[in-house]
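S.K.: The opening residue of the sequence shown carries number 1 in full-length UniProt numbering; numbering runs sequentially from there.
You may find that some hints are simply not true.
Claimed, not checked - Pairs of lysine-lysine, DSS-like flavour, derived with a Cα cap of 27 angstroms:
#: 1; residue 1: K677; residue 2: K584
#: 2; residue 1: K729; residue 2: K713
#: 3; residue 1: K541; residue 2: K565
#: 4; residue 1: K751; residue 2: K623
#: 5; residue 1: K697; residue 2: K623
#: 6; residue 1: K731; residue 2: K584
#: 7; residue 1: K1052; residue 2: K1104
What the hints assert, rightly or not - Restraint ranges, calculated between C-beta atoms of paired labels, are given here:
#: 8; residue 1: K817; residue 2: D1037; range: 50 to 60 angstroms
#: 9; residue 1: K729; residue 2: K753; range: 11 to 21 angstroms
#: 10; residue 1: E620; residue 2: G712; range: 22 to 32 angstroms
#: 11; residue 1: V509; residue 2: Q1148; range: 51 to 61 angstroms
#: 12; residue 1: D295; residue 2: R818; range: 25 to 35 angstroms
#: 13; residue 1: R818; residue 2: M900; range: 41 to 51 angstroms
#: 14; residue 1: V415; residue 2: R708; range: 36 to 46 angstroms
#: 15; residue 1: Q595; residue 2: Q994; range: 29 to 39 angstroms
#: 16; residue 1: D253; residue 2: A333; range: 43 to 53 angstroms
None of these hints come from the bench; they were simulated from the model. Beta carbons: idealized from backbone N, C-alpha and C, even for Gly.
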Amino acid sequence: MKVSDFLQLYSLDPTVLTVGARLNPATANSVRAKAAQTEASTARLHLRGLVGSQDAVLAAALHQEFPDQHHLFILHDREEAAYFLADLQHLLPDEEPLLFPSSYKRPYAFDETENANVLMRAEVLNKLNSHRGPKTTAEKASEDADDALPEGAEKSKKGKKISVKDTAGALIVSYPEALFEKVINKKSLVANTFIVKVGDKLDVNFISDMLAEYDFERSDFVYEAGQFAVRGGIVDIFSYANELPYRIELFGDEVETIRTFDPESQLSVEKRQQVSIIPNVQTNLLQETREAFLDFIPRNTAIWAKDVRQTLDIVEESFDRAEQGFKEMLASAGGVQIVSKPEDLFESGKTFKKLLDGFPIVEFGKRFHFKAGAEEFTFSAKPQPSFNKDFSRLVKNLHDNQEKGFTNVIAAESVRQADRLRTIFDELDNNVQFQHLLLGLREGFVDDTLKLVVYTDHQLFERFYRAQEGRKFSKKKALTLKELRTLVPGDYVVHQDYGIARFAGLTQVEINDRVQEAIRLVYRDDDVLTVSIHALHKIAKYSGAEGTPPTMSKLGSPEWENKKKSVKKKVKDIAAELIRLYAKRKTAPGHAFAQDSFMQAELESSFIYEDTPDQAKATEDVKHDMEQPHPMDRLVCGDVGFGKTEVAIRAAFKSVADGKQAAVLVPTTILAMQHYKTFRERLANLPVTVEYVNRFKTTKQIKETLARVAEGKTDILIGTHRLTNKDIKFKDLGLLIIDEEQKFGVKTKDKLKELKVNVDTLTLSATPIPRTLHFSLMGARDLSVIATPPPNRQPVQTELHVFDELLVRDAVARELKRGGQVFFVHNRVKDIDELANMILRLVPDARVTTIHGQMEGDQLEKRMMKFVDGEYDVLVSTNLIESGLDIPNANTIIINRAHMHGLSDLHQMRGRVGRSNKKAYCYLLTPPVAGLPSDARKRLSTLEEFSDLGDGFKVAMRDLDIRGAGNLLGGEQSGFINDLGFETYHQILDEAVQELKETEFRDLFLGDPTQRLQEAAATKGPKECNIETDLQILIPDHYVSNVSERLQLYSKLDRVKGPEELRKLVAGIVDRFGPLPQEVEQLADIVRLRWQACQVGFEKLTLKKNLLKGYIPATNNEAYFQGETFGTILNYIQTHPRSASMKERKEQLIISIDEVKSVGAAKRILSELGSEEKVGV
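With these hints in hand, go ahead and build the complete structure from the sequences.
M.R.: This is how it looks when you write it as structure tokens:
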């Protein structure tokens, strides 16, 4: 069913049409338009009986039928507003429903504005300001400004301003705390809005001056609101009125194009006709008079309120707090007023109610405030029934609905979910009929009037459903991402051939009277090496263990080569052992599990999150391995909370469904309990028996459990290393799942090797294995990487603060108020009890307990389990909680002395919260930030910026990569990585595995397509080619003035992989900096020339003084000399005896060709020598 068809069912409903006519009488009857305006402004409508998402469906249908009407929806709080907004966005995909949020990170934290929120508020004001829909007579008379063009407007032939969404009414969703804040008045906003249109005559200096007046900050690159950049005839501006920044390109003094662009990639997104530029209305126009948001919106706006009384109470409470805060600030400033009075910035409950009286009001909650003259509309509807994942009951219910003449609709965000339902229905009863509505809704409903049943898939499967507010690009995320990749002078770098040095920036060198740029590296004893920009691919930023500076290399010394050889030998031995084990398992006999049953589909559909592509792939990999006739040995790696346990549950059920048992081995008793709880809950509606053994159980209980395991009455057994004891006998073990194998002792690991022999084994690791390492080890280990977070999990709001008891009190109290629990991390055992007592003093009602590693095991685990069961509210702990714990009810974590933790540790601890659909908070507490070392400051601010799941993953990745390599290949890898840097280590590992595949294990990999490609490439010569030239090839500083950016562009050009990638890169440079100067065009041509040289078989190519020289390695190159390309070269030399020659020197063949005066001429010659045409573009 299409969304438009679904909405039309409501658009045509007489009750809905009547509601619309009451709110918009001018549309209903134009003859009574004048009288109707008055009627509309005092309309009081009570909508009774609306259930689930029916309120949003009704609003969307009304908007379709009466598109010029403005609507403001006031929900209870931000969370409810986000769900309502998501419903509107899904139901009206071509419209732009907007959220009008509070400016602040947290309620009442008036000193902490949230950039993204300020941007969203300005976006709403701009949309309302530029709206040109029908206006009241009074508004038309008072309108004194016609210069606020709507977004995307163009001039028609008659000069009238028009736009697709010109007359579409605004749909604004908000909540009391947001409406309590006043906004800039309309007249001031118009006066401070600067509009630029395509075709306007503008001077770059004028734009710069105007933006400076608006308090915009000039920077090299624009990445957050309030910034602008000028590069030649290109001006980048991030206005507070828009979600994305704009790029204005001038031709002379005329605006040629206007484009939005992505602040992270800096590349254009789409063309626009105009841009509205407004300053930060929150801070820059403080001297302007402020007015209530209800004064800003048009008088005919329909205000929908879920609970008017509650809204008025919250506004009044907020105003009281603001007054209290103002008095405290006044007292601390010795009576001097340093901030505006509360009444200038905020709305009181009394004035808010007075304003409400002048609008048409729709009350659609459980209780009603405006009684006098209210018109009631009653909807006959029921909530979606709960089926407790019993699909037989669901099938019966759908049949009953059909018989009663109801239409069954199931709303699901993905086609895959609908297909899963069909699979389940086909197994149970293939006559079930339902229509799939491809969208997400927060709650289903049954509409008796329209005979319509709307069920949501997430309620049927009892999955989490979380509203996404839309990804607002906030703060300095783009810059931070860039910093992670960019080299700055002083950084440690690794040169593949010369070792570890410090980067000393770009330098200009003269070659045959022509200027080029080069990289300057400083080695031990201040030795300097100048590296060509064409060899940038050989240089990488050094990354070793966090906080450990590397030993710099000595130029001219053999130590670097010796180090590489030593590491390569050790890595090769380890990789060989891995491949041997892998090969052995591939030939061992094992059980081939059957294909999935319908119950497997039922289990997978009921997962509370939508599968990520990585997770779906990992599940498929595991199931495919299990269906093979030899034992599986697969490692699934992924960050905290990315869904590894779910993959294990699905595998365990597949084993049980085939009549086999499964064992789950975990490193700690707490994790055993945690997994037992999770497995039991997930498999509750399926015929599976789950049990566990740990030291909390009595000997008698354990004996009984083990007897049931031996008899085959227990399907899944979960436990610690106790599972490896000889007294545990399975009747028919089919699958062994090992969680965090690296945390087990040597004895347990040895016992595991025996257990694994003929049993399918699945290992889970929370330390992510980098994808690069993953590819190196293909053929040495079956590996699945889950690198993306579940889509419905919100980012954890991360804040950095100086330690403050009031902040701790508010954070704990807020979490307890919403029925949640709190982790408080304090990594010093000696005063951990003092911290617990402080929390008790601040929040006397809190139930607080402590745990740390020096406690007796029993005491620690009992306290931990009581916290898991909700008997304690606050757990004060050392970093013991870093891994494994999954307590959905704990959604606030406070990390004291955060500067003492490494980035990856902080990231792992933050991963303990945000595991349900509640908003989660992480507070990093430190001493005064100014006194912290710079690396600690950078680490903490990085974590604060990257609060999205997956973002933190990127940031913590390097440190985790190193751990991951150690877990996979043995602990000593960390030492190797610190000696060489991660990139060089990875390159050596790559070479080692490749050599093993070509020699010792050649037979094993004969059918491997990647191996065939490698061997075919050997006949074509070397993988890379160094280029030297005396042509003036560089990026002029008048074209790209930022040194760091020039270096990055050189690096990208040097590493680009193919013609299409180069085309996109060049297009991106033109997009950002304007047309290419000749020097940059030559630089791109040199890249193409290098590819051709590689294809011809040269390992080095020089073009100096009009002489082209190509160098071919003369040793270990038999396959090449017998190939077609070398024959073409010989033929060329014979047919061009005057200009071409060949000689051998120092194990190299040198091909010389004279009179080559340009890069273009060199490319043509290499084409004749056998390079494919496609690289010569």
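S.K.: Going back to the hint list, which numbers does this structure go against?
M.R.: 1, 5, 11, 13
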